[in-house]
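Q: The primary structure of each chain is shown beneath.
There are 2 protein chains.
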Amino acid sequence: MKTPLPLAEVYAILEPGPVLLLGTAQDGRANLMPMSWHCMMEFEPPLVGCVVSAANHSFAALEATGECVLNVPTAELAQQLVDCGNSHGDELDKYARYGLTAAPSAAVQVPRVEECYANLECRVVDRQLVGRYNFFILQVVQAWCDPAVKAPRTLHHRGYGKFMLAGEEITLDSAMR
Amino acid sequence: MKTPLPLAEVYAILEPGPVLLLGTAQDGRANLMPMSWHCMMEFEPPLVGCVVSAANHSFAALEATGECVLNVPTAELAQQLVDCGNSHGDELDKYARYGLTAAPSAAVQVPRVEECYANLECRVVDRQLVGRYNFFILQVVQAWCDPAVKAPRTLHHRGYGKFMLAGEEITLDSAMR
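Line by line, the protein sequences are chains A and B. Every number in our numbering is 470 more than the matching position in the first sequence, counting from 1. Every number in our numbering is 470 more than the matching position in the second sequence, counting from 1.
Among the clues, some could well be false.
[Unchecked claim] Here are the simulated DSS-like pairs of lysine-lysine, each with C-alpha atoms no more than 30 Å apart in a straight line:
#	chain 1	residue 1	chain 2	residue 2
1	A	LYS620	B	LYS620
2	B	LYS472	A	LYS620
3	A	LYS632	A	LYS472
Simulated from the structure, these hints should not be mistaken for lab results. Just so it is clear, the structure is predicted and the values come from calculations on it, not from any experiment.
From just these sequences and the hints, can you work out the full model?
A: What follows is the structure, given as structure tokens:
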């Protein structure tokens, strides 16, 4: 059961570098693609930079609508994640084909993937670097997280279908946020 | 024993989102700070975007010299990583204090941390977003990696000194680079 996550805590979801399922929607059609090229840019309001290749349908939807959802999958969704990357949203409905549930978002017209333990609803706020680097700056406007998931087994891409799964946690005495 | 890493393979080092030790040097003084806000922006030549807070001495050095080294620490360096974040480079020599070895770089005037399993020598190539977001775009000009380290136990920050350690690897059939 997901509950709203305070926006000031969003960074802790993205900072460890999980591969994401980027959700977009255009002309009534929702799409998903794996994305690993993202980084936090500000704590609050949370800003996230990300590269979306112009060769992808997701690029066109993001460019046109200025909205997306960053869905954070965990290990049990690895196969669906890869399937989403190896297929094309204009040829099939990835939600239907891969058994993913489209849940309505609160602030954007893009659905959230219910099976992902966290969902970040975003709006594009800066396109300065889109032309040169396909780099969008997003603001997270509404965040959702399942509080029961304490140590999410996120997936971290090492290239060509090889993923590192989030392992054990350690805590050190640190003043760093 | 580190050997040069082909630049086209750099992305596989940074894509999983490890916390880095950002190395800079100015006026003959080398400094280190932990950094998690980074992302790949191009495969080859490899481009990396990163946020370095203007409150840090590392920001001033990066701004002035246009050079840095991205050092990738693994689990056994967790304490030194946190120590580097909790101290100030203008007050002490972090290499000497925390037992880290400064190895000469090939292409930049910033040393590499010998104990890190990978080192990426970088030059700043785009400062468009420095003023607004403290966001630098770096080009990796020379990369080093220890080929004996097959599954590096990288550190992934979840906030306030809590780190996820890289866990097991899985490989799925994927066409995605």
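Q: Which constraints among the numbered hints does this structure fail? Numbers only, ascending.
A: Those not satisfied come down to hint 2.
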